[in-house]
Every structure is written in C-alpha cells, then in structure tokens.
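Turn these sequences into a full structure, and let the hints guide you.
The residues making up each chain are set out below.
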Amino acid sequence: MSLWQRYDAMLFDIDGVIMGTTSLHAAAWARVFEEFLLTCSRDDGRSFEPFAPDADYVRYIGGRAPHDAVAAFLGSRGIDLPRGYPDDPPDARTRCGLANRKSAVFAATLADHGVEVFPDAVALLDVLAYAGKQLAVISASEGCEALLERAGLLDRFSVRVTGADGARRDPAGEPAPDALLKAADLLGVYAVDAIVFDDSVAGVRAGRAGGFGLVIGVDRRDAAAELAGNGADLVVRDLREVITMEGPAPARRMPRVRRPWETKRLFEAILLVPPAEGFGDDAVLGEEVAAVLGRLREHHVDVAVTEPGEDPAPRLGRMVGAAEQRGVGPGLVLVTGWLRTLVPPAGAERASVVSVLPDPPPGPFPPSMRWTGGGAPTCLALLRQQAERRDAGLVPGVDLDPAWTVTVHGDDPRHRRAHQSLLTIADTRFGTRGVREEEGLGSLPRVLAVGVFDDTTTPSTLLQGPTWTGLHLLEPLDISRDRRTLDLRGGVLVRELAAEPVPLRTLRFASLARPGCFAMRAEGAVDWLHTGHSLIPPVTDGTFVRTQLGHLSRAQTETGAGGLIAATTVQRERNARGRRVVERLAFYAADPDGRPAMDTASAGLAEADRLGFEALLAEHRTAWARRWDDALVCIDGDPDAQLAVRFSLFQLMANVPTDGEAAVGARGVSGASYRGHVFWDADVFALPFFAATCPPAARAMLEYRLRRLGPAYRAAAERHLRGVRFPWESARTGVDVTPRVDRPPQGPPIPITTGEHEEHIVADVAWAAWQYAAWTGDEQFLHGAGRPLLLDTARYWASRVKMDGAGRGHIDDVIGPDEYHEHVDDDVFTNVLARWNLRRAAALAEEIIRHDRAVPDDDVRPADMTGGGGQPLDDAPRGDGVAPGEVDEWRRVADALVDNYDPDTGRYEQFHGYATLEPLVIRDLATTAPVAADLLFGRERIARSQIIKQPDVLMLHHLVPEETAPGSLGPNLTFYEPRCAHASSLSPAIHAALFARDGRPDEALDLFRIACRLDLDNLTGTTAAGLHLATFGGVWQALAFGFLGVRPLARALLVDPRIPRTWQRVQMRLRFHGARLDIQASPDAFRITSNAPADVVLTRRGAPVRVVPGEVRRWRRVGEAGWELA
Amino acid sequence: MTTVLAAVDATAAARPVLQTACRLAHALDADVMALHVGEDPGPARAVAEELGTSLITVSGEPADQIVRIGERPDVALVVVALSGVPARHEPGQTAQAVATRLSKPVLVVPPDSPPRRTFTRVLFPLDGTRGVSAALRPLITTYVAAGFDVIALHVFRPDTVPRFLDSAEDIDVWRAEFLTEHCTDLGIRLATRPGPTADSLLDVAASEDVDVIAMGWRQDFSPHHALVVRKVLTEADRPVALIPLTDESWPRRSVTQTFRDPDVP
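Top line first, the protein sequences correspond to chains A and B. Quick note on numbering: the first sequence equals residues 741 to 1866 in the working numbering. Quick note on numbering: the second sequence equals residues 1476 to 1740 in the working numbering.
So, partial list: chain A residues that the calculated Cβ filter (under 10 Å) puts toward chain B:
{"hint": "1", "residue": "D1421"}
{"hint": "2", "residue": "P1484"}
{"hint": "3", "residue": "P1488"}
{"hint": "4", "residue": "T1494"}
{"hint": "5", "residue": "A1666"}
{"hint": "6", "residue": "T1667"}
{"hint": "7", "residue": "A1673"}
{"hint": "8", "residue": "R1679"}
FYI, nobody ran anything at the bench for these hints, they're computed from the structure. Every residue gets a Cβ at the ideal spot worked out from N, C-alpha and C, and that includes glycine.
Laid out in structure tokens, this is it:
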C-alpha cells in the first residue's frame, strides 16, 4: 500500500506546487513594490532597498495572504500601511489596495506569458483523482480558478479555497492554517486524514500547525532542509515520487469501505430536500428515511424536510437562525437531497450543501455546494452515517468559524501554561483550566470555584478542587500536532490530535445551563486510550477523599478552614468503530464555609446523567446563545479585534455567577494568581459590562459586598471613622486580606501598603452600586438593600476628610490608582470620587426623604453584621436611615474637598506636590509604554518622577466625566498620556476609551488593540497564572463608553459614537432600564432598535428621542461633533 | 575524572588561586593540577607543596602555555589570578589573554580578597536570551548536581522587562515563567533587579555572599566591549567565572531603542 492511499484527502497549494506561478507572482510583486517604494522615496526623500524577487519572495510573500505579505515586506523596509478593505481600489495606499494592484498586474502578466504546469503534479493528480481521493486546491491569491481552467485541471478539485479568506495569526503567532482547515472542512474530512502539499515555509508550518496527517514539502527551489526544518514530514523534488512511496506499515488502521461522500463531521442540524416527486413512489425508502431522521432527532439533531416544490433557501436561512439560537454555527448545518441549485441566504453560506441528484445539476455551483450523485442510496447512507456515529457516542465537533473560535496549534512549552489559562472553561461558578487530559500534575491548579477559599494559608487562597479531566495515554502522542479550539459561541473546547491508528479527539464543556456540571467525551485507539481515576487530587495539601463505586466516583477537597469542594463523576466507556469512546459527566458542589456539599453534587449528577450528554450539550449551547443574544459585539472590518472582544466577553461571562453572591477574583477561576481576592477590578472594571448585559450577575457582585458590610463597618470603626471601609483585597469574610509584605526570592522583604492606603475602593463600590442602578433603572435597589453602598460609603468620606484652617477639605496619606506614588495627600482620583460619592449619597438621601419613601423594615434586608460567620457585631451603626443634618454635611464636605484643578491649564495636579517631581516622560526613559517602569529603573527612582503606572486623574474622566471640569479631558490626556507607563493591565483600555472620546481614533485603536491582545498574546507574561478579567471589562468599556459613547443617565441612555474610519461598523447589544437595545454605528451614522420603549439622548442635556419596538431609529453625522435624526 | 587547572605564578596571587582551585575542585569532586609557566618555580612550588598539590612547570609565554594545557580534554576549568599585583584591581595581561582565548570557563580570582572557605553558592546572570541560557545550562546543571545553591539573576533591560506589572505578586509569576523558559526543571532561584547590570550583579553577589559569579561572555576585551564583565572583574571581591559563548549561542540583540546602560560610556 502506498503512503497516500492511507489518507482520504489531499490539499494542494497551487502556486509552486501545481504551477510555476511563483515567478510570475514574484514579478508582479516586484513591479508593484518598485512603483510604491519609488513613490515613498519621492514623498519623503528616503531611499529603499528594492524588492528582491528571490530572497524577499521566500521571506515575506510565499504562503501569506496578500495583504499580510504587503505588511511583512513593507515592514522590512520600515513602512507601515493601514490594512484598508478588501475592495480598496488598486491605487489605494493600504495593504489591501497594494494587494489588489498586484492582482491586477498578475492577471495582465498571466495573459501575456501563460503559465507553466508542472508535469509531475499532473501525473500525481491523475492518480489521485482516479483513486477517488478528495482533492482541494488552496491559493494565496485570486485568479486560481482561471489558472486551473486554462490548465484543464479544474475538474480535479472538488474544493477551492483562497488563502485570503480569514487568514490570521493564532495565539502563538504561527501562520494560521485557516485556509487549509477550511478546505478540509468543506471536503468533510478531518485534518488528520488529509495530506498537505506545499512549497513554502509558511505553508508547511501551517500544515503542521493545523494537525494534518502528513505534510509534504515540495522542493522547487533547493530548500529541502528549510522545509524539513519547518515541519514537513517528507520533502520531494518530484511529485511523482509520492505515487509509489511506501509509508510506514499501515498499522492498526481499520479497513474502511469508501462511501460516495463521507464526512466525519457530526451535523447538529440537517435539512433534507426530497425528490420533486417525493418518496411517494417508494414507500420503503420513505419509511427508512423517516426512521433514520427519527433516530437523529433523539440525538438532539434539528431535522427538517422540505415540502415538495419548496425553495430550500429560506428554510435553510431559518434553520441556520435556529441553530444559532442553540449556540451552533452554520458550519454544523447540512442540506442534502435532490438539490438542483441552492444559493444560501446571508449568514448561511458556511452550511454544507450536498446534492445527490443522479445527474449533475445545471448551471454554476455555489462554492459550498457539492454534487455526489447517487440518488436515494447515497442520501440514505449519508443520513445513516450521521445516525450511526451518534449511536456510537463519538465526539461531536464544533463549527470552526474564525469569527467565533480561538485555536491553539501544537505545543510550545514556553506558552503551555498561558494556553491553559486561555482555554479555561467555566460555568460561572466552577472553572477548569485548559490542561491536556493526559498531562501529569503541574504546579498550577486545575479546578477552582468562585468564592471558595482555603483559609489555612495567610492570606487565604482559592481552594483547589479535584480534577475531573484526566485520561491515560499509554503511547506518547506527538503533541506538536495538537489542535485545541475554544468555540466561544457555544462554550465548547475541542481537541484533535493526529495519531495512529486513529486520532485522539476530545470535547469538554462547563455547563452554563447547569453550573457545577462538566461533561467530556474522548475517543482514541483502544490500545492507548485508558481512563484511570476520573477524579484526581489537586496539587495542594489538604484533605482529598475519594471513593469509587463502579462507574461512579466521588472526591472532596478541604483543608480544615474555609471552603469545601465536592465532586462526583459518572463514566462510561465503550468500543465503537475501532475506537475507545469515553464519556464522563462530573458534578461539582462547593460551600465557602465548609459545610457538606456531596449530596448536592450527587443529586446534580443524577439529574445530569438522566438527561444524558447530548441533552446537556444542547442546553449548554442554548444557554450560551442566550447570553450572546444580550451581549453580542460585532466589529466589521476588524476580525482580529472582534474575536479578541468576543474572547474577553466569553471569559467574563463564564467567570461570574448570576445569582447569590459573586466573589469575582482578579483572575476569576482561570488561575490562582491574586488568590481569588476581590479588588476594585470587580466593581469598577467588570461590573459595568454585567450591569449592561446581565443585571443579575452585577447584582450578585454587589450582593458580595452587601454580605460583607459587617467587617467593613468594623474596619471603619477601628480607625475611629464612620460608615463602611471596604477592604482593598477581600476574600471569604470581607476582612482585608491584602498581603502586608512581598518576599522576593532574593533581597529584603518589601512592605505592601495598598491594604492600608488604597482607600478609593470605598468610593469604587459606591460607583458600582450606582452604575448597576443607572443601567437597570432598579431604584428599589438603592432605596432598599443597596442603600448602605452609597450612604455608608459617604459617611466614611465625611468622617475621613480633614478640614484645614481655610475651610478646605483634604484626604491625606493615600495611594491612588497610580501605585507608583505611595502616601500622597489629596490624590485627585480619591478626592473627586469621594466628592462624587458624597454628592450622590446626598441626592439619594434627599430623594428618599422627599418622596417619603420610608422603606418598610421588612423590605430592607438588614446588613449582615456577622462578618461572614464570625461574631455578631452589636455596636455597629446601621446603614438604613439618614440622620438630620447629614445631607447638608455631605454636601458641605464635598464642596470643600480640594481637587487640584488649575483652570488656566485645564489640568488637575494628580496629588499635592506631583508638579514638583522630576518631570520625566516615558520617552525620556528610552523605552515605550506599556512598560513596568519600576522594574526597569527601581521603585524609588520612579517614585521621585512624574511617571505614573496607570490613569489616576484620567480615571475620573472615564468613571465620572460629569464630575470633572468641562473641557478638561483633552488637556489632561495630553499631559498624562506621555507620563503613563501603562504598566497596569487595567490601563490601556481606559486610555483607549478616553482617546476615542477626545476624537483621537488612531491612538485609541493602538491602545485598544493592546488591551484586546493582553492575554491572547500573553503580553503580561503572567497569563499562565490566570486571565485578566478586569482588562476584559476594560475592553468592553472602551467599546461602549469610548467608541460608542454610551452612558446610562437617570432617564435616558446617552449615545454619541466615535467610530474609527478603519472600522466599518460596530454593533453592540445593551440592556437599559429593562429594554434590550441593539446599537449599530459606523463612522457617519448609527441606528438603534429596542424591544421595549427606551429614551436616547445625544448629549447630557439633550432632548430625549424615544425608540420603540419594531421601529429603527437612525441618526447621521452633521459636522464634526453633531448628529441629526434621519 | 575532570581536572581544575590552576595557573600559579611567583606572585602573592599564587596562594589564593591555588586555594580557590582546591576548594572548588573539592566541591565539584574534581582533581587539581597546578601549573607554573617560567624558569623559577620556587615560590609557586612552595605554595603547591603547602596545599598538597602537584606542580607542573613548563617554559614559554605564560598565556600560550596555560591555554595549550587548558585545552586538554580532562581540564574543565582554568583558574587564574586577576592580576599579580595585589593593589591593582583590573585584569592583567595573562588573565585577559587566557580568558579571551580558552574555549572553556576561566575562573578569575582577585589577588587580595579573602579566600572562600567553601564553595556552595553560585550566581548566574541570565540576560533573557535563550542562547545564553542554553549555553550556560550544562554548567548550571553541573553546579546543581554538585549540590550548589544556584541563584540566577536577570537584570531587566527595556527589551526584557515585563510590559505590565499589576502588583508585586505578578513578578513571582513572571519569574516562574522565565525559569520555565530558561532553566526548566533545574530547581534554581531567580532574582530580578532593575539596571544597571553590573551594579545589580555586584549588589546581589554581595548580599547573597555568593562564592562564584558565573558570567557568559563573548571573549572580546577590545575597547568598548565587555563593559559589564570588566566592571564586575574590577569591583567584585570574589572569584568570577567567565564562560565563553559562541556566536550561535549569543546572537547580537537587536535592541532598537537607544537605551543606555549607565555602565556603558
């Protein structure tokens, strides 16, 4: 048996493998670049090294999508062009424009010169086509079809893909195999069953990264070593070598009966188009079809059959829409039957369409349609395959839609732990990091629970739960071929790894519909896939108890103080279709105070097991679809940013509970960094997203604060202050758990003073409470249960402010958000947010009094005075009533508070004495932000300078713009941005939002992209220890508050978009006062629809415009800053 | 059995050089060979006899002979004096020539610092390039295997400093990831410091009282090169091991910023 016979499909790069177009491409590029560089040279007098058709082609052009090639080559010459749009004219000064120019030149050259077809390629294609292999051709540039047609090779290929479609980088920066995977997808084969032929380094790397079964490098330019070194399994000079090449022994590969068209994908929705005359003639066939469709329905597949004469296109559109409502992408929708032609409606283009008409249908095929012929037997076989695979319990797949999937290719030990964080799946209460099933225990935890701590450590840390994902692989598999994909749309993590005799495939999810429930399926070879214990202990000390009862397992972790995590699993194995298939369901229950939870876990598991894997997956995907329905973000014209935003929101939603209380740690449950402690990250950065898309989650975050009022009263009282003082770092009890000292591995311990001095947290919590009420319109909250969050925080500030002889108020000895400067007086952020807090509280108190809305006692849930299970606190003041004179006092203190504002410059001095510090800017340090300036130059050195860590003054313009001096954004942005190191992961997104508001879209976009890629590219170097949830929240705020200019006001939603020209359209869904709004904005227009009446204003004092259901409200830009209703 | 070769001359530096060689050889379980180049081995022989080691004497140009014998396969390390003059704390001609030409680590011993009693702790500066880490790895492994307390030190530069540092805790994570990338599984400590490089290196060496500072270098003592090495040699009051790096192991960094290390004039 020849090597190629063991594979189902072959994917060919056209340029350089099939045809000698490389030199023509190179010539066309040379011409385009020559002209362009000359123009550049003329414009700015620089001289450029010209394009070298050999060296530069190999280095920058080959294997890249055209606009990427432009970027790579021009980058080498120090030129940066905007990306532009695919339909840019050939003379546009954009990457796409140049690429289009090259296409035009290439087409002209082709017409003049013709094209050389390599005879060895034709010979191989003949053999493969004769053998009935599935063939696809991939080209990095347009014009592929014309070339094939001229060469008479067009009919050899059933799928043609242009590399430009969705080309992008994967998180590790490798050339992404998107085009190859798309081709495999369209052919209906797994990557592991396909061979890739490519002549470029980028191409073989992509083939390798995509997990293809075999990557053959075609050496047309004496580059054999380079191809082999970059991942080609074999390198050939002549493709005819492949025809007779013997492969390694065909090992345990199962003999397979080739079917007319076999797809290994498990479709989630199937539309059957019966013959025009129906199955009426053939009752037996009709019954068989009905039976197999019935089986598929039992497996939760959405099945429909068109009526005789019905146009399948609209039905397909509805089916794709319904699939999306179930969290399933169009790539998992199949249309099959007696199809003459089908033009898929918008959004359904990626559905698979297979015609079984006995004769080829007339006219042009849509690109995604295949004709197999074969009529009824083929159709029935196809449906039966689906049913049989479902019956066998094989691992389902996900739609590899580049707009919704984050894929990690291969394995890089340097990024392994960061990838584990990225691939975390969480259900709002429990998270499982993306650790490979067979990986031994590392140093990092795997399963964590929101708000469940181990209190035996000081300070307390997150308790680690038992791990449920472990499997044994008795043979080492080559994980450099691994492909792991996180499907953001449906919240599913899938893995595919080429192996012999069958690939390893796994799928797991953390049920959003049923928090606590995890599920996994895995399939692999009977010889090497084994299960072992389904629950294994975590890496930490503490008690781990495990019991095994047949296929049921139970395990529990606890440490004696703090919480407890109980887990139970049920596992089933069977051998099917030459594979071992493992299905494991796990149910977790936890108690923060260590009370028994195993019964809850067992009951949860029993219910989950009764439903079964497929029903759990279906309800889970549906739950995700609902969340996305409320939180959807689209950015047309910037697929990278769109994906990064979706990833950010996905992980935010996965890490925050929607009921009870939500202790949202800085890294959620994706990692143990910061020990799960709750910072202002939760209140200020994460909460607004939830307030605007999922109010119950925001409410749960506030509930966390409300249930810890007791310790907060106590903390204030201990300092002889009134009201509440929330802790800078908070865990189970609500007592401050900020570490007091940092002990580096070398050198003296460094005291940490944020716990004692970063007091703005008090006002941050008040801001969060108000933000929640502003978005939801839930007045009852501030008047009732949430009242202490505004009133008692104001009481704190009223007692904390010190008045000087001149009647001015000061807050001394604090740390603001800029932690480079400790022990400062009158930090503007602290002072002004405290002022805002006092004024808001005064307004609220007056409202309560004026409306005489004395809330009956039973409506106000008394604050928890027990300090989270500790001793009752009898003498703590209650936060409900308002004492006479208090409102006046708050106003007086607020008005007296200094804010260091200089009306002449329009600037705030960040704190008292800041202006006298060494006036350094980042550029003076010969570096660029973001940079951890204190590490580079030492803490003391930076503290003596004006370099700041993150926005401090500007944080006010972001959080409470109405509390800052009108017109002061610009001057402060101009002053502080050059001084800002952006060393906090919270920082770039905030400045992005402010630059957008200030009408500086380029700077806004640069910082926005940094925020977007923070974890995806591991920019902090610390993603290994968990995802930066606050940055994710900041990304959302940059879009909503910054680019869309959205703010919740008392009675209306403020909308004032500033969309960068490079974006075509931004779409966001928001909830405002109970209505769900859909806002779509382009640089020059925006439109809003709503499912309930909602008022919109364009300026803070503007006249409201009502948006009512069923009506689209449109505005268009007039002048630079104005909008008019269209 | 590997050998530590000690180059002893007629000056007062002979004793600390040979003492250092003996104690390091003991710690690494190696043999010691004392080498004298020149006509009159008298003072050197006395030191060798006192310390109980054999002495071989050859004639010729000192650096040539030390390098020739140092390149013998069994020699793992050559110990030389920084200079023969106790007061002069800068590399002498012989030390410079040997360190520049020998393909093996050269341990440079200051002539007047108190000899280390035992050798248990070594400091390895890592510049954050994988080449340097890979080149030093075998030696680090040797020290770890010999039971040394190995401290790696990374002094931040603009191209290696973390871009973000939310709080001090993050640096622990960063260090763990740095060790994963550069010294996987060797179980050593990593210290990080702000620049300037030589100052931080000397500072950590002193505060941890390390017995050896082990630095990779490109064996180039020409003007404006090896400024950090020069400064460490001149100011350290303890032995400094210079470990040759090949060009492959240390590709020149392409730092586009014009960051100036204050060590560099």
